[in-house]
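Trainee: With the sequences and hints as input, model every part of the structure.
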Amino acid sequence: MPPTPTWSKTLTALSLALATTLVPLAASAQTSSAGVLAVSHKSPFNCGKTFYANNWTPGHNPSGSIDWQNYGSDAINGETVRATAAGTATFHDAGSTSYGKWIEITHGDGTRTRYAHLATMVRAAGGSMTVGQGTAIGTVGSTGGSTAPHLHYEQRTSGGAMDTSPTVDGVTVSLGQKKAITSSNNCGGNPYTPEEVCGSGYSVIDSAGLTGGRTYLLYNSGNGYNCVVTMKTSNVGTPSSMSAFLEPQGASRTTDSGSYGYYAGPVKRSAPGTCVRWGGSVGSSSYTSPFEHCD
39 MPPTPTWSKT LTALSLALAT TLVPLAASAQ TSSAGVLAVS HKSPFNCGKT
89 FYANNWTPGH NPSGSIDWQN YGSDAINGET VRATAAGTAT FHDAGSTSYG
139 KWIEITHGDG TRTRYAHLAT MVRAAGGSMT VGQGTAIGTV GSTGGSTAPH
189 LHYEQRTSGG AMDTSPTVDG VTVSLGQKKA ITSSNNCGGN PYTPEEVCGS
239 GYSVIDSAGL TGGRTYLLYN SGNGYNCVVT MKTSNVGTPS SMSAFLEPQG
289 ASRTTDSGSY GYYAGPVKRS APGTCVRWGG SVGSSSYTSP FEHCD
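Under my numbering, read the sequence shown as residues 39 to 333, first letter to last.
Simulated from the structure, these hints should not be mistaken for laboratory data.
Have a look at the derived ranges for each label pair, beta carbon to beta carbon:
(1) 215 x 168: 29 to 37 Å
(2) 295 x 164: 28 to 36 Å
(3) 234 x 321: 22 to 30 Å
(4) 310 x 133: 26 to 34 Å
Note that the Cβ used here is the ideal one computed from N, Cα and C, for glycine as well.
Mentor: Below, the structure written as structure tokens:
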């Protein structure tokens with residue numbers, strides 16, 4: 039069951055909420071030289087983090103992509119990378135060339151974003167998962183054809199064309215511009231992550247959106263255990279009905295439910311090479327998977 043929040047955790051949540059008032063609001067729609075992008079994007083970093091968005095030209099390939107770089111004394115290497123908008127993420131690895139480790143997210147209107155030169159990804163290359171705006175998907179690095187740690191970022195239309203003047207957090211960065219942008223991504227959100235709740239060695243392999251939260255399935259390849267946790271995304275810190283459950287095929291279901299302020303779970307079960315059914319709830323909104331993830 040979730041621990042009683044300490045003063046430090048309470049202060050963390052308060053500081054996240056405060057940061058919301060210090061950053062610009064994202065626009066409800068974006069218009070670019072490549073066409074209209076209906077999805078509103080936030081910065082791909084933690085709430086309150088400021089980095090340079092460099093849309094340099096000429097010579098940047100592809101033209102219109104953003105290099106997120108150090109700002110002042112804030113080093114970007116190792117920073118958590120978050121989805122700038124909700125969608126389906128696919129994970130790739132080009133090795134020592136091109137993008138290196140990279141992720142593409144296809145959004146609800148068919149537009150796409152790309153995040154490249156990552157040090158780590160939350161799923162292995164070839165995998166996919168649904169993500170919400172602010173879901174952690176990897177960390178900044180310098181893989182592939184990179185010469186220094188930074189995040190290569192692209193916004194593309196549904197037809198694949200580059201948006202050469204992408205907008206994040208309400209700030210448009212046109213060709214040749216370099217702007218310092220403070221993130222409002224995940225502001226006022228949950229101060230915990232699924233990985234923190236489940237513990238060392240666990241990685242997210244799937245998730246499902248709920249009204250007011252998201253439920254996650256994680257796996258630890260070192261010990262063969264799955265872990266399920268349901269995280270709040272609204273009314274964070276206020277106790278309300280939540281649950282998380284995990285059911286290996288052919289075995290009984292284990293459930294954690296109660297009135298929680300941040301998360302339900304973690305629920306852990308040994309299931310190497312076994313299909314699992316998993317899910318959770320926030321209030322009346324619930325999700326139950328089929329038996330899946332059998333490897």
